[in-house]
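A.B. asks: Starting from the known structure of chain X, arrange chain P on it as the hints suggest.
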Amino acid sequence: MLSSFLKQPIGQERLLSSLFTTKRFYGGLNDNNRIFTNLYGDFDSSVTGAMKRGDWQQTKNIISKGKEWIISEIKKSGIRGRGGAGFPTGLKWSFMPKNDPRPSYLVINADEGEPGTCKDRQILLNDPQKLVEGCLLAGYALGAKSSYVYVRGEFKKEIESLQNAIDQAYEHNLIGKNACGSGYDFDIHVHPGAGAYVCGEETALIESLEGSTGKPRIKPPFPPQFGLWGCPTNVNNVETISSCPTILRRGSSWYNSFGRKNNHGTKIFSISGHVNNPCVVEEEMSVPLKTLIEKHAGGVRGGWDNLLAVIPGGSSCPVLPKNICDNVLMDYDDLEKNNSSFGTGAIIVMDKSTDIVKSIARLSKFYAHESCGQCTPCREGTIWVKSLMDKIVEGKGTKKDLKLLESLITAVKGNTICALGDAAVLPIEGLLRHFRKEVELRLID
Amino acid sequence: MLSLCQNKIKQKYSTNLSCRLFSNILEKSTPFDFTQDNYEKVETILSKYPTEQKRSAIIPLLHLAQDQEGYVQESAMMKIASIVACPVSKVFETFTFYSMFRSKPVGDHVIEICTNLSCTLRGADKILNAIQDKLGIKIGETTKDNKFTLLEVECQGACATAPVVVIDGNYYEDVEVGSMNNILRDITRDVVPKTGTQSKRNGPEPMGGKTTLKTEPWAQKIREDL
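Line by line, the protein sequences are chains X and P. 143 is the number that UniProt numbering gives to position 143 of the first sequence; each next residue is one higher, with no gaps. 220 is the number that UniProt numbering gives to position 220 of the second sequence; each next residue is one higher, with no gaps.
Think of the hints as simulated: they come from the structure by calculation, not from any bench. Some clues are possibly wrong.
As a list, the in silico DMTMM-like pairs of lysine to aspartate or glutamate whose alpha-carbon atoms are at most 25 Å apart [stated by the list, open to error]:
hint : chain 1 : residue 1 : chain 2 : residue 2
1    : P       : K200      : X       : D31
2    : X       : K145      : P       : E52
3    : X       : K396      : P       : D125
This is chain X alone, in the form it adopts within the complex (with noise of 0.2 Å):
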C-alpha cells in the first residue's frame, strides 16, 4: 500500500509532492503510451504484426472524418517536426493552396545524416507500417496525390525494409487504389539519395529528386507554394509523420498531455559517445537530460561528475558543459534558452577524457565536405572555420586565428541560402562560449 502510494504515477504529478506543490516530472512515459511499439525490431513487423500492436486500426473512418479534422487534431496535439526545425506540424501542413490545379506531393525526408542521429533508421527497419499509413494520412489531409520517401543512399537494408513493407500495404490493399475502402487513391514510392548531407534540406532534397545536385533552393517561395516538379509539396520526417496515425487514432489531447507547453508529446532520442549503454529511446518530451543519460544510458562513463560536455540535438546544436546538464530539460524552449537547440534529440555525451577543441574540429571538417559550394559564406566559411580549427588543434593556432575565426561566425551565420552554413558555425560558437580557455591554452601566444 505504501509502496504503490510513492510510486511516481507516470504523467501525472507525483502524489506526495502534490501536497506541497504542483510540479509536475516529465519521463516517466509508460509501453502504453509509446508510439514506436517495435523500435528494436523484437516482434514482428509485417502488416500483421502491426495491425496486433495498433496499426491500422480504423483508418478508413479516419480518412472519412476529413482532410480540415485531420489537420486540426494535427494541430491541436502540438507535434512539432521532428527533423529539426521544430516547425509546428499542423501549421506546415494547413500551408498547402486550396483548389491549385497543379498535384500536390507529400516527400518524406528519410536522409537522416545529422552526425548522432539514428532514430529514423529504427523507424524504417522495424516499424515501416507507421510511416505508409502516416504517408496516406497526411497524404489525404494535403490533398496529395502520391508521395515519395527519399531515404539516404547508404541505407540499403532500410530502403528494402520499406519497399518490403509498401508492397505488403499495397497487396493488403492499405495503400494504392480505393485505399482501405475509403475511396482515396494513394501511391508511395521509394527514392535514394547518394550520400549528401545537404540533402537533407528540404529544398536540396526536392532538388536532388529531381535528379539534380542538391543545391538547396531561395526561399519564399516555400515547398508548399513550389515543390517537386514546381508543385505544392510538403516535406516531412519520418518520425513525424510516423507518429500521425497514433495521434488521430488516440487523440490529439492524449498526445497533449505529454511534455510542456508548445514541446508536447514524445520522442526518440538517440544517445552516443560516453555513456555506459548508448541506445536509441522514446521518451516523454521535457525529460531532464541527466534522467534520460541515467534512466536509458546507463549513466556517463565513470558517473555524473565525470561529465565534460553534451551535444544535445545533432551536431548543428551548440555544445552545453556540465553545469547547464545537470538541470537542462529536453524540449525545444529549454535548451533555446540555454543557446542550444533541440534538433534532432540526438545526445553526444563527452566526458572528461575527451579533448573538446579536436571534436569540435571533427564537425567543422564534416560541415566543410558537406558544403554545396552554391553559397560563397557558406562554400568559403566553411573551409577557412576547418582550416583554423585544425591549425588551433595543431598548437599553431594564434589570437588573431581565434579573432577570424570569431569573425567568421557572424560573416557565416544568417547570410547563407540554407541552414547547413549556420550549423557549420553553431558548434564553434558553443565552443567559444563554453570552453574558451581550453582554446586559448591551445594557441601559441
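C.D. replies: For chain P alone, coordinates are given in the frame of chain X:
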C-alpha cells in the same frame, strides 16, 4: 561535337560512344549497357515518376550502373542520358555531386569507416589503425591483390551502435579491434560475416538490458468519436 552528342541521345538505348567530353576527367571508358535483368529494374524505376519527369530517375540509375560495374563509366552516363532524355552533362553534373558515386574501379571489397564524432568517441581511430595495420594500406588506397579498398566516410546514421564500418554496403556496428580482424579474415575467405551489431545486443537497445519495450505492447484504446 555538341550536336553529334545531342543526336546520339535522341536514339533510345543507343550504345554508340563517340562523345569524349569528359575523357580528361574520367577513366578511359568501355562500351556499357545494362544487363537484361537490370533493364527490368530500369523500367520499374522509370514507372515511379511522371512520364515527363524522367530526370528524377538519374540517381537510381547511377546506383544501378555502379552496382553492376563497381563504378560509373562515361559510357554508363551516356546510356543513362539516353534513357532519361537529357544532356549527358546533366548526368555528369549529378554524378559529380554525390559522395557515393565512384568514377574509378575499386577493389573487390570496399571498406568505409566512419570517423565522425560519435564513432571517434567510441574508438573509431583504433579500428582504423587496426585495418590499416592488417591490410597495409592507408585511406584511399587499394591492397596490391586488389582485394580491399579503404575509404573514410562521414556519419552513416548508426551512432548509438558506434563504431560503424560499412563493407560492400553492409553495416557492421559495435565494432571492436578483435571483431574487425575477424570480419576481415572472413571476407578474405569469401565468407560474408554476420552483419549488424558485433556485440551481444541485436540493435540499439541499451547494452546493459532494455529499459523499455521488454514485452510486446498491445493495441491501445481508440478514441470514441471514430
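A.B. asks: Each hint should be assessed against the structure and marked as holding or not.
C.D. replies: Now for the hints, and whether the structure bears them out:
no. : hint            : result
1   : P:K200 x X:D31  : 24 Å, holds
2   : X:K145 x P:E52  : 16 Å, holds
3   : X:K396 x P:D125 : 23 Å, holds
This entry satisfies every hint, going by the numbered hints stated previously.
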